[in-house]
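These protein sequence lines map, in sequence, to chains A and B. The numbering used here numbers the first residue of the first sequence as 44 and each following residue consecutively. The numbering used here numbers the first residue of the second sequence as 17 and each following residue consecutively.
Be aware that one or more of the hints could be misleading.
To be verified - Computed footprint of chain A on chain B, listed as stretches where at least three residues anywhere in the stretch have a Cβ under 8 Å from a Cβ of chain A: (1) 62-70; (2) 102-114; (3) 118-128; (4) 171-177.
Claimed, not checked - Here chain B is said to cover these stretches of chain A; the calculated rule only asks that three of the stretch's residues, wherever they fall, bring their Cβ under 8 Å from a Cβ of chain B: (5) 185-192; (6) 257-268.
Hints listed in this document are in silico derivations from the structure and should not be mistaken for laboratory results. Idealized CB from N, CA, C, for every residue including glycine.
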Amino acid sequence: MRISFWGLALLALALLAMAALAFGAVPLPLADIAGALRGAGDPITVSIVRDIRLPRAALGVLVGAGLGMSGGALQGTLRNALAEPYLLGVSGGAAVGAVIAVASGITQPGIVPLAAFLGATSAVILVLVVARVAGGGRRADTRLLLMAGVVVGAFANATIMVALAGAPANLVRGALWWMMGSLADAGWREARWLALYVIGAGGALLWLARDIDLLALGEEPAAALGVDVDRAAPRIFLIASLLAAATVAAAGLVGFVGLIVPHLVRAAGVRGHRGLLGGSAIVGACLVLAADLGARILRAPAELPLGAITALLGVPFFLSRLRRLA
Amino acid sequence: MIRFDQAVVRYPGASRNAVDGVSFVAERGAVTAVAGPNGSGKSTLIRALIGRQRLSAGRILIDEVDAAGIARRELARRVAVVPQREEPVFPLVVRDYVLLGRYPHAGSWGTTTARDLRAADDAIARAGAVELAARRTDELSGGEWQRIRLARALAQGGDGLVLDEPTTFLDVAHEMAAFELVSSLAAGGMAVLLVSHQLNLVARFAQRIVLLDGGRVAASGAPDEVMQAPLLEQVYHWPLVVSRDPAVGSPTLVPLRGRGQ
Chain A
44 MRISFWGLAL
54 LALALLAMAA
64 LAFGAVPLPL
74 ADIAGALRGA
84 GDPITVSIVR
94 DIRLPRAALG
104 VLVGAGLGMS
114 GGALQGTLRN
124 ALAEPYLLGV
134 SGGAAVGAVI
144 AVASGITQPG
154 IVPLAAFLGA
164 TSAVILVLVV
174 ARVAGGGRRA
184 DTRLLLMAGV
194 VVGAFANATI
204 MVALAGAPAN
214 LVRGALWWMM
224 GSLADAGWRE
234 ARWLALYVIG
244 AGGALLWLAR
254 DIDLLALGEE
264 PAAALGVDVD
274 RAAPRIFLIA
284 SLLAAATVAA
294 AGLVGFVGLI
304 VPHLVRAAGV
314 RGHRGLLGGS
324 AIVGACLVLA
334 ADLGARILRA
344 PAELPLGAIT
354 ALLGVPFFLS
364 RLRRLA
Chain B
17 MIRFDQAVVR
27 YPGASRNAVD
37 GVSFVAERGA
47 VTAVAGPNGS
57 GKSTLIRALI
67 GRQRLSAGRI
77 LIDEVDAAGI
87 ARRELARRVA
97 VVPQREEPVF
107 PLVVRDYVLL
117 GRYPHAGSWG
127 TTTARDLRAA
137 DDAIARAGAV
147 ELAARRTDEL
157 SGGEWQRIRL
167 ARALAQGGDG
177 LVLDEPTTFL
187 DVAHEMAAFE
197 LVSSLAAGGM
207 AVLLVSHQLN
217 LVARFAQRIV
227 LLDGGRVAAS
237 GAPDEVMQAP
247 LLEQVYHWPL
257 VVSRDPAVGS
267 PTLVPLRGRG
277 Q
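Turn these sequences into a full structure, and let the hints guide you.
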């Protein structure tokens, strides 16, 4: 069961990565891609593969891996099958940051992602503070973290609507497009930047996976088994949220991945969190690559919003597995 | 082995102490039971022991060393605590669940070693749960679930075992089986601390009963000393008689009908 899951997941990832390089405005045969990767062949093909499609695929892999791991860690730590980074204020905070940047008319590249990242981290810190204050100084009550996340997210959404209510149409459209997520602006700069986060934060989460195993049992059993719950739970929450915030800064809001991917991996029989996080990284990467292919191909030459496609792909998949999800 | 020394807990904003100067010892080789009405502070003691509730005063000592100065994992290697409430959101295979009891022994990366596997299988066997090892935790009945939780505690490998209401939801046979198991563990040298409402069973299996009332120790001693009708009536606020069970010879509490007092 387990071996076949890992084999299948890696095979799917390899196939989807090849497809991501092959399909697009100009379909490329595999032989040309192989040559272009080595730098040989038609310079235009080389440029398409190396400068456009490869960074885009890399960014897709990183966004999916980051969201999948973040969701898996949050679901286990908060003991909630519906927990995901976007439910917990990350997306709302990121959107507020981005909308503020767009509304202030700043056009330098890199500013909107930076503002989104700052917005998301502010929201996450706000969630931690709200949960701590509401808990009367007790540091970690995972239910409070969850509720604080939902409330901060709702507040952020309301802020965005107020900000956009009187805004000119082009501004609203720009903000909306960003909120729907896209890999269209992918370059090596974004991919490299996100890779740092995925390796750093993802590695940290893998390191803490045994703690998540125990936190998933509940605060008291975890404490009884020697976990420092008051430190471990907020730490994991913060790392997972930062990871999600980094993906949002790189590609906008790509919904549903963090929610659905850990469920799929669990349904495949992987239950320890080290395996679950690793599996979620691979399956998350597959989902985002597949969705991005759909976004590019379905209405070519126009591009569809990536976040909408992940949801369109994810929902039926999720529904079909619902009976077997645990 | 586990000693509460003048332990005091006051919850923030509370008008009185939830635990108010409680002292007693759970020795190795014996079952020590903590009983008392709802809200008498039993579970607060457990929460204090696992560090989820800070003591306002007093100490908890493990082999005469202040538990506050013992690292959490070290503590978990010496004393296994099975809290009352536990509901896994994501079910696990039983053997993997029991393996979580090896967490306090793991290195920082937490790899499962052959020794961990042996300890888990041994614990499953001691808890009488071999036939459950490959099942999933969400397929277990109440009695099976309690055995598995006990197995996880045994996998921790310490010689202190603390159980908070281990027989809630169990039928007569499973309840007896659980008490028999706990009793044999104590006979094998473990220090067993048992929080239980089942006074009559506790009187048969425990060597010592600590009766709590309003956060204080109302009585403490051998079952015969604690199972006194006037004392129990005063603590539980209910008319009752204590007789000697004709079948097993232990003191037995029989609550009376109607609030005559």
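message: Hints numbered earlier in the text: which of these fail when held up against the supplied structure?
response: 4, 5
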